[in-house]
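**Student:** Whole structure, please, built from the sequences with the hints as guidance.
Those protein sequence lines, which keep their order, are chains A and B. When you line the first sequence up against the numbering used here, it's residues 1 to 307, in that order. When you line the second sequence up against the numbering used here, it's residues 308 to 776, in that order.
Just so you know, these hints were derived from the structure itself, not from any lab. Predicted, not measured: the structure shown is a model, and the values here were computed from it. All residues carry an ideal CB built from backbone N, CA and C; glycine is no exception. Mixed in with the good hints there might be a few duds.
[Said to hold, decoys possible] Pulled a few chain A residues facing chain B out of the computed Cβ check, cut under 8 Å:
1) GLN59
2) SER252
3) GLY254
4) ASN255
5) ILE269
6) ASN272
Here is how the chains run, residue by residue.
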Amino acid sequence: MEKTIEVNSPKKRRSRLLYSKKIAPYLFVSPFIISFLFLSLYPFISAFNMSFQRVLPGQTQYIGTANFERVFNPTFYTAVQNTTVYVIWTVIILTLVPMIFAVILNHRLMKWTNFFRASIFIPALTSVIVAGTIFRMIFGDSDSAFANQVLQLVGLEPKEWRYSAGTAMFLMVTLASWRWMGVNVLYYLAALQNVSQDLYEAADIDGANAWQKFRNVTFPAIKPIFIFLSTITTINGFRMFEESFVFFETSSPGNIGLTVVGYIYQEGIQRNDMGFGAAIGIVLLAIIFVVSVIQLYLTGAFKKDDE
Amino acid sequence: MKKHLLMLASVSLVLAACGGDGGNNGDNNGGNNAENNGNNGNAGGGEASGEGGELDAEVVVGEDIEGATEFTFWNFQELHSEFFEDAVNRWNEEYPDRPIQLTAETYPYDQMHNNLLLSLQSGSGAPDFADIEISQFANYLQGDVQLQPLNEHIEPVIDDFVDSRFEIYAKDGEYYGMDYHVGATMMYYNEEIMEEAGVDIDSIETWDDYVEAGQQVVENTDAVMTTVESDEHFSFWPLISQRESDYFDENGDVILDNEVNVETLQFISDLVHEHEIAQIAPGGFHHAEEYYGFMNEGGAASLMMPMWYMGRFLDYMEDLDGKMQIRPLPMWEEGGNRSAGMGGTGTVVTNQSEDPELAAEFLAFAKLTEESNIKLWEILGFDPPRHDVWESEEMQADNRFYDYFHDDIFEILTEVRDEIAEINITELTPDAQEEIHSNVMHSVLREQSQTPQEALEQAAEAVRSRVVE
Chain A
1 MEKTIEVNSP KKRRSRLLYS KKIAPYLFVS PFIISFLFLS LYPFISAFNM
51 SFQRVLPGQT QYIGTANFER VFNPTFYTAV QNTTVYVIWT VIILTLVPMI
101 FAVILNHRLM KWTNFFRASI FIPALTSVIV AGTIFRMIFG DSDSAFANQV
151 LQLVGLEPKE WRYSAGTAMF LMVTLASWRW MGVNVLYYLA ALQNVSQDLY
201 EAADIDGANA WQKFRNVTFP AIKPIFIFLS TITTINGFRM FEESFVFFET
251 SSPGNIGLTV VGYIYQEGIQ RNDMGFGAAI GIVLLAIIFV VSVIQLYLTG
301 AFKKDDE
Chain B
308 MKKHLLMLAS VSLVLAACGG DGGNNGDNNG GNNAENNGNN GNAGGGEASG
358 EGGELDAEVV VGEDIEGATE FTFWNFQELH SEFFEDAVNR WNEEYPDRPI
408 QLTAETYPYD QMHNNLLLSL QSGSGAPDFA DIEISQFANY LQGDVQLQPL
458 NEHIEPVIDD FVDSRFEIYA KDGEYYGMDY HVGATMMYYN EEIMEEAGVD
508 IDSIETWDDY VEAGQQVVEN TDAVMTTVES DEHFSFWPLI SQRESDYFDE
558 NGDVILDNEV NVETLQFISD LVHEHEIAQI APGGFHHAEE YYGFMNEGGA
608 ASLMMPMWYM GRFLDYMEDL DGKMQIRPLP MWEEGGNRSA GMGGTGTVVT
658 NQSEDPELAA EFLAFAKLTE ESNIKLWEIL GFDPPRHDVW ESEEMQADNR
708 FYDYFHDDIF EILTEVRDEI AEINITELTP DAQEEIHSNV MHSVLREQSQ
758 TPQEALEQAA EAVRSRVVE
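**Tutor:** Below, the structure written as structure tokens:
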């Protein structure tokens with residue numbers, strides 16, 4: 001679009017174009033639109049197409065809905081179940097705990113706030129893989145691994161962390177929580193710092209206690225962030241892959257670490273069945289979409305008026 | 308605020324949804340990057356899995372030669388680059404008129420196989436040569452095979468080779484891969500522990516003897532007799548192959564749940580739970596860091612693994628230097644097989660090579676000649692697939708493997724040469740393998756939630772259900 005105009009018109013036209021109220025907005029959103037078209041929409045359409053195919057070099061053919069008929073098998077349900085449990089835990093932990101941290105860090109009596117802020121945030125900068133390797137060592141199977149030593153100190157039995165469903169989930173949720181805590185605290189802090197001190201003073205004058213101040217002054221200010229984080233955490237949870245991968249790589253005992261995306265990877269890439277992988281992807285898309293819409297509806301994000 | 312929030316949320320929803328759904332592309336990348344940084348410990352069984360967490364490595368050979376044909380080679384084991392480096396140098400000396408420049412690139416196991424699969428699928432970006440691990444090979448034989456048939460070079464010499472090593476990389480009579488080794492499964496005994504227990508290892512002839520010896524070891528020492536893998540297949544597959552059973556029969560039908568297999572799995576389970584002479588390998592498999600440490604400290608008196616595992620002893624179990632003895636496997640019955648061919652990596656020429664003929668010729672030079680088979684032992688410590696070199700003088704020359712173990716390794720190997728059953732690789736081998744790794748061994752050995760019969764039947768059903776068309 002820019003090009004054609006550029007050809008038949010020199011500088012003058014161009015500057016007029018840049019200042020044009022009609023064109024400029026499109027120009028500004030174009031990087032997003034273009035990257036969306038190529039990096040999201042195109043793969044989406046081709047995955048959709050692939051989900052009806054059996055993809056083999058030189059012999060790709062349409063096989064109707066056969067892939068979708070195979071999707072709903074016990075392994076898939078295991079993956080969905082694992083993922084859902086993971087989503088529930090991460091949403092609870094990653095929305096509530098950071099909120100508490102942020103409120104504490106934002107409190108005027110709190111000392112060393114910068115130090116704590118930094119140390120909570122630093123895990124977000126590490127790669128999951130590096131963190132995962134460390135976590136694997138901490139939660140090793142042997143009695144001398146750190147976590148097991150701690151358990152023994154408290155008088156509990158050492159555990160084989162990576163081999164039972166409950167502890168496996170604990171490992172994955174802990175890793176994710178540890179990593180994203182700092183980022184979420186940062187979101188809350190940003191919102192908290194926008195709350196005018198006047199409101200707190202006014203509340204003090206009215207004789208509000210700490211809880212009342214939190215409920216009626218602080219929380220309304222951070223509620224949008226709360227909704228945003230729970231939505232994002234839900235979506236990220238359903239897309240989780242690395243947290244499981246670092247502990248179990250590509251296959252876990254009894255599939256206790258299998259996630260939906262892990263299942264896509266397993267089927268599409270490792271077992272060379274791209275069509276089936278794509279079909280699982282489409283189903284996952286539907287799940288994320290439905291869950292997110294319900295969530296946004298329940299949290300009131302679709303209401304136009306400001307309460 | 309509300310409006311912003313709504314926009315923010317819906318934008319991220321759309322992005323996330325598309326990303327999640329574009330799964331095959333997006334998530335694949337995630338996986339690759341992950342592998343790239345992670346260690347390839349649990350990679351699935353080839354002789355190269357578990358070689359620590361090295362990052363990509365690149366070796367270029369023959370750079371300084373003008374007019375050399377440029378080839379690239381992908382592998383997942385840096386040592387293999389070293390082997391090819393030597394081969395290129397030898398080739399360039401021998402054929403100065405047709406020089407070769409080789410760029411050997413090493414990637415983590417999963418990443419290499421995935422990238423190769425995708426580049427062959429999409430028709431661009433593949434190297435000239437690649438190493439494909441045996442349990443992954445089936446993926447590359449589906450559809451129109453994107454690899455170069457190598458019959459022209461293999462057929463004239465196949466009689467000098469353990470020929471089952473070519474059958475595993477063949478489809479419809481075409482051979483596509485050349486292996487590095489036989490992968491003869493052996494028993495590694497820790498002589499020190501065995502002596503302490505009062506057992507003469509040469510008196511162990513059958514598995515019954517082995518169990519008896521194990522009881523003596525457990526009674527008289529702090530060690531267990533052996534370890535079994537719960538996360539991989541190197542305790543199960545060699546044993547059923549030794550008894551000439553397999554996951555699939557020669558027609559490709561699933562026989563995973565046949566009587567022999569059930570009995571064998573019961574035997575493995577009994578070693579742990581009934582006789583209590585074995586324990587599950589620390590870390591779940593014999594390539595785990597935890598296992599290396601355990602074994603190095605004298606945790607177990609013996610280990611069943613293929614010959615190529617020798618290198619692991621040298622690299623990770625220094626304290627066992629001079630203590631380990633290699634012997635054939637105990638027999639199931641008089642006159643039965645005493646070994647099984649396990650693992651393997653076939654080097655292939657892809658159809659994207661610009662000069663596939665030269666590539667194939669070079670590969671034959673690097674893998675099929677006598678000299679190159681001797682190099683397989685010298686450089687890599689593998690039992691070379693060409694058996695007519697096993698007794699040659701060069702093979703007897705001192706090297707670090709003889710120093711660590713003992714001198715008569717190849718005499719033992721020659722003894723069991725004809726006792727290695729073929730294994731049947733099909734398109735569903737990766738599926739069967741996956742069932743073994745994630746369900747069967749776990750539920751029978753670790754959880755004891757299923758009997759061998761139940762676990763194998765369930766696994767066989769799962770594999771059968773994947774037969775399409």
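**Student:** With a cut-off of 8 Å on the beta carbons, see whether ASN272 (chain A) makes it to chain B.
**Tutor:** holds, 4 Å
**Student:** Double-check ASN255 (chain A) for me: the hint is only fine if its C-beta lies closer than 8 Å to a C-beta in chain B.
**Tutor:** At 6 Å from the nearest chain B Cβ, ASN255 (chain A) passes the 8 Å test, so the hint holds.
**Student:** With chain B as the partner, please determine if SER252 (chain A) meets the hint condition of a C-beta pair closer than 8 Å.
**Tutor:** holds, 6 Å
**Student:** Should the hint that GLY254 (chain A) touches chain B count as held when the rule is a Cβ pair under 8 Å?
**Tutor:** holds, 5 Å
**Student:** Does ILE269 (chain A) meet its interface restraint, that is, does its C-beta lie within less than 8 Å of any C-beta in chain B?
**Tutor:** holds, 5 Å
**Student:** Does GLN59 (chain A) pass the interface check with chain B, least Cβ-Cβ distance below 8 Å?
**Tutor:** Holds - the Cβ of GLN59 (chain A) comes within 8 Å of chain B, reaching about 4 Å at its closest.
In this structure, every one of the numbered hints holds.
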